[in-house]
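Asks: Okay, here's what each chain looks like letter by letter:
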Amino acid sequence: MIALVGSFFLAVVLGIPISVAIGVASVLYLLLYGSVSLAVIAQQMTIGIDSFPLLAIPLFLLAGQLMSEANITERIIGFANALVGRIAGGLAMVLVISCMFFGAISGSGVADVTAIGSLMLPAMDRQGYKKGLSCSLLGCAGSLGTVIPPSIVMIILGVTTGTSIGKLYLGGFIPGVFTGLCLMALAWVYAKRMNLPPGDPFSLRKVGTSFRQAFLSLLTPVIIIGGIVTGVFTATEAAAAASAYALVLGLCVYRTLTLRQLPSIFLRVAETTGIILFIISAAALFGWILAAEQIPQKMAEFFLGITNNYYALLLLINVLLLILGTFMETIAIIIIVVPVLMPLVTSLGMDPVHFGVMVTVNMAIGANTPPVGVDLIAACKVGRTTLDEAMPYIWPFVGAMTVALAFVTFIPQVVTLLPNAFMK
Amino acid sequence: MDSTLIRRLTYGIERVLIVLSMGIALVVFLQVVFRYVLRQPLFWSEELPRYLLIWMSFLAAALAQKTEAHINITLCLTWLPRRTQRWIHLAANLVILAFLGVLVYSGSLVVNITAHHRSTALQLPMGLVYAALPVGALLMMLYLLLQILQELQALRTREAA
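In the order they appear, the protein sequences are chains R and A. Letter 200 of the first sequence, counting from 1, is numbered 200 in our numbering, and no numbers are missing. Letter 86 of the second sequence, counting from 1, is numbered 86 in our numbering, and no numbers are missing.
Calculated directly from the structure, the hints in this document are not laboratory data. Nothing here was measured: the structure is a model prediction, and the numbers come from that model. For each residue, glycine too, the CB sits at the ideal point set by N, CA and C. Don't take every hint at face value.
Said to hold, decoys possible - Simulated restraints, written as ranges between beta carbons of each label pair: (1) R:Ser347 - A:Leu146: 47 to 53 Å; (2) R:Arg255 - A:Tyr36: 41 to 47 Å; (3) A:Tyr105 - R:Arg126: 55 to 61 Å; (4) A:Leu155 - R:Tyr33: 33 to 39 Å; (5) A:Leu38 - R:Leu204: 41 to 47 Å; (6) R:Ala185 - A:Leu5: 55 to 61 Å; (7) R:Val403 - A:Ser3: 50 to 56 Å; (8) R:Val222 - A:Leu152: 55 to 61 Å; (9) R:Met1 - A:Glu68: 27 to 33 Å; (10) A:Glu68 - R:Leu10: 17 to 23 Å; (11) R:Pro53 - A:Ser3: 51 to 57 Å; (12) A:Ala121 - R:Thr256: 35 to 41 Å.
Claimed, not checked - Reference excerpt, derived from the structure (chain A facing chain R, CB under 8 Å, subset only): (13) Ile24; (14) Met56; (15) Ala60; (16) Trp87; (17) His89; (18) Val95; (19) Leu97; (20) Pro134; (21) Val135.
Unchecked claim - Far from chain R by the CB rule (all over 12 Å, computed), these chain A residues: (22) Leu5; (23) Arg7; (24) Val19; (25) Phe43; (26) Ser45; (27) Ser57; (28) Arg83; (29) Asn93; (30) Gln123; (31) Pro125; (32) Leu146; (33) Leu149; (34) Leu152; (35) Gln153; (36) Ala154; (37) Arg158.
The task is simple: from the sequences and hints, build the whole structure.
Replies: Pasting the structure below:
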């Protein structure tokens, strides 16, 4: 066990890709202690990604790519601007709301950050926002893309733990919106202190026009969530339907997409999918070893040895995940750590959907904590600034998200209300 | 190494990836149409995209090696002197190469075992599905090997200078 984890961390520190590091650790373990044929390596790595639900990953990536190539981002920002532009620090509010809307179309944090950030950050620069401030806010708001449905993180979580992806999606809705509001509250405080200007006055007419312009794109989440909730679609089918819808919207309605762009869009989808699924594939082998060695049971005993108080345990798990999140990548944590913890928390009576959403919010924080915070890094890249600039601002925003995480952790209804009401 | 050959290979892989990813989207979409609109579910529409996904993933993983797009953490190394960094990078690449070698070997074992098994819906030989990993790993090795050779060359010229 120590050899397994030790060799993984050594490999990661040496700069070996996470997927390969997981694989190398597993192979070493099998060579040293295993008594099975080496064929098991390729077999588990292939079976691990032979799954219909995982097909939702390329398909949601596709829907997101088509939507941003079709320039729907401008329409969404226009609508958000009409809604909240008037508030102090108007652009900061617009940034968060736009990220939330776009998060309801795409399933990934980084996609959210780049799509919204590339349009919003230049405008914020002109109004005198400190780059570190706007990039920190962008990273955090963008990471809501994984909490607000659809979500690629939740697909992986659902597949590896056998939890209903539809229920996870519904469960993520309130926590995602709530976390967004926490971010907006803190941004408002900054705006007051730094005297950041509000936007144009609020007018119902403007809300109406911008809503009409954004309406068809805002229909995407309705198709996805509506389809899954009513049982018409599985998550994978919903993703395919959303892609088809985005294609028709871009090619025929908005006419902002051309057929010539399609090959490169499909290629990009394939490349991103390959990187993600190679990690999942290697992790399947790793997971097979963990199961064979009964690591989940041993971990459960270890944790229950520390405390068997439900709340203390949740606190402990959250702290552990936050620490892991600072230096490990989300997908790797989800597929290595979460299946180990799931049996433990469910044995204490926790709803798997509640646990899954809690982990997703926790991971969204991890995506913004240096050194390995992919969303924050992406935000700094879009904003052409350095992590150092963002340092003074990121921690308060991470703090705001942690407050939201505490609510999600200790008030299960925040998560379970919608799935219990709509999916039985 | 003939670089036009490599360029052609990369171009070929990219075209195949585009076809695979379009195929996945199309088949899953057809599944929805056939089930809900035509009320005549297809018997192969769950199986085929899964196998296309396996091939797409391992081929794309190979292509990601070419651009070094696989997610890794280099932060721990940036504190070391540049020379040491180069050597560690070289060592890391050799570890990856060995791992890929294991994948090719292990994959060929599975392909041999499953060559005559048939899939449930389409009656495809399962060996064809399991071949994706060793083929992807082999292509990845090729790209990696070229990178290692380049690195060695860079190290040698630096040493000479």
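Asks: All the hints need checking, so say for each whether the structure fits it.
Replies: Each hint tested on the structure:
Between Ser347 of chain R and Leu146 of chain A the CB atoms are about 51 Å apart, so this pair conforms to the stated range of 47 to 53 Å. Under the hint 41 to 47 Å, the C-beta atoms of Arg255 of chain R and Tyr36 of chain A, about 28 Å apart, miss the expected range. Distance hint for Tyr105 of chain A and Arg126 of chain R: a CB-CB separation of about 58 Å, consistent with the stated range 55 to 61 Å. Checked against the hint of 33 to 39 Å, the C-beta distance between Leu155 of chain A and Tyr33 of chain R comes to roughly 36 Å, which is consistent with it.
Take Leu38 of chain A and Leu204 of chain R: their Cβ atoms lie about 44 Å apart, and the range 41 to 47 Å holds. Distance hint check for Ala185 of chain R and Leu5 of chain A: the Cβ-Cβ separation is about 59 Å, which falls inside the suggested range of 55 to 61 Å. Checking the proposed 50 to 56 Å range against Val403 of chain R and Ser3 of chain A shows it holds: the Cβ atoms sit about 55 Å from each other. In this structure the supplied range 55 to 61 Å holds for Val222 of chain R paired with Leu152 of chain A, their Cβ-Cβ distance being about 56 Å.
Between Met1 of chain R and Glu68 of chain A the beta carbons are some 31 Å apart, a value that agrees with the proposed interval 27 to 33 Å. Taking the beta carbon of each, Glu68 of chain A and Leu10 of chain R are about 20 Å apart, inside 17 to 23 Å as hinted. The given range of 51 to 57 Å is broken by Pro53 of chain R and Ser3 of chain A, whose C-beta atoms sit roughly 41 Å from each other. Hint check: Ala121 of chain A to Thr256 of chain R, Cβ distance near 39 Å, so the stated range 35 to 41 Å holds.
Contact between Ile24 of chain A and chain R, as hinted, is supported at the beta carbon level, the nearest pair being about 6 Å apart and thus within 8 Å. Proximity of Met56 of chain A to chain R holds as hinted, the smallest CB-CB distance being about 5 Å (cut-off 8 Å). Contact between Ala60 of chain A and chain R, as hinted, is supported at the beta carbon level, the nearest pair being about 2 Å apart and thus within 8 Å. For the restraint placing Trp87 of chain A at the interface with chain R, the shortest Cβ-Cβ distance is roughly 11 Å, beyond the 8 Å limit, so the hint is violated.
Because the beta carbon of His89 of chain A sits about 6 Å from the nearest beta carbon in chain R, less than 8 Å, this interface hint is met. The beta carbon of Val95 of chain A comes within 6 Å of a beta carbon in chain R, closer than 8 Å, and the hint placing it at the interface holds. For Leu97 of chain A, the interface hint is violated, since its Cβ never comes within 8 Å of a Cβ in chain R; the closest pair sits about 10 Å apart. Using the Cβ-Cβ criterion of 8 Å, the hint placing Pro134 of chain A at the interface with chain R is satisfied: the shortest such distance is roughly 7 Å.
The interface hint given for Val135 of chain A is broken, as the beta carbon of that residue sits about 11 Å from the closest beta carbon of chain R, more than 8 Å. No beta-carbon of chain R is positioned within 12 Å of the beta-carbon of Leu5 of chain A; the least distance is around 21 Å. For Arg7 of chain A, the requirement that its beta carbon stay farther than 12 Å from each beta carbon of chain R is met, with the minimum near 16 Å. Against chain R, the non-interface label of Val19 of chain A is violated: not every CB pair exceeds 12 Å, the least being about 9 Å.
The claim that Phe43 of chain A is not at the interface with chain R holds, since no C-beta of that chain comes within 12 Å of its own (minimum 14 Å). A Cβ of chain R approaches the Cβ of Ser45 of chain A within 12 Å, the least distance being about 10 Å, so the stated non-interface status is violated. With a least beta-carbon separation of about 4 Å from chain R, Ser57 of chain A fails to lie farther than 12 Å from that chain, contradicting its non-interface assignment. For Arg83 of chain A, the condition that its CB be more than 12 Å from all CB atoms of chain R holds, with the nearest at approximately 15 Å.
With a least CB separation of 9 Å from chain R, Asn93 of chain A falls inside the 12 Å interface cut-off, contrary to its annotation. Remark: the non-interface label on Gln123 of chain A is consistent with the geometry, its nearest Cβ contact in chain R lying 17 Å away (cut-off 12 Å). Distance check for Pro125 of chain A against chain R: the nearest CB is about 14 Å away, which clears 12 Å, and the non-interface claim stands. Every beta carbon of chain R lies more than 12 Å from that of Leu146 of chain A, the smallest distance being close to 17 Å; the non-interface claim holds.
With a least beta-carbon separation of about 19 Å from chain R, Leu149 of chain A lies farther than 12 Å from that chain, consistent with its non-interface assignment. The beta carbon of Leu152 of chain A sits about 17 Å from the closest Cβ of chain R, which is more than 12 Å, so the claim that it is off the interface holds. Every CB of chain R lies more than 12 Å from the CB of Gln153 of chain A, the least distance being 20 Å, so the non-interface label holds. Every CB of chain R lies more than 12 Å from the CB of Ala154 of chain A, the least distance being 17 Å, so the non-interface label holds.
Every Cβ of chain R is farther than 12 Å from the Cβ of Arg158 of chain A; the closest lies at roughly 19 Å, confirming the non-interface assignment.
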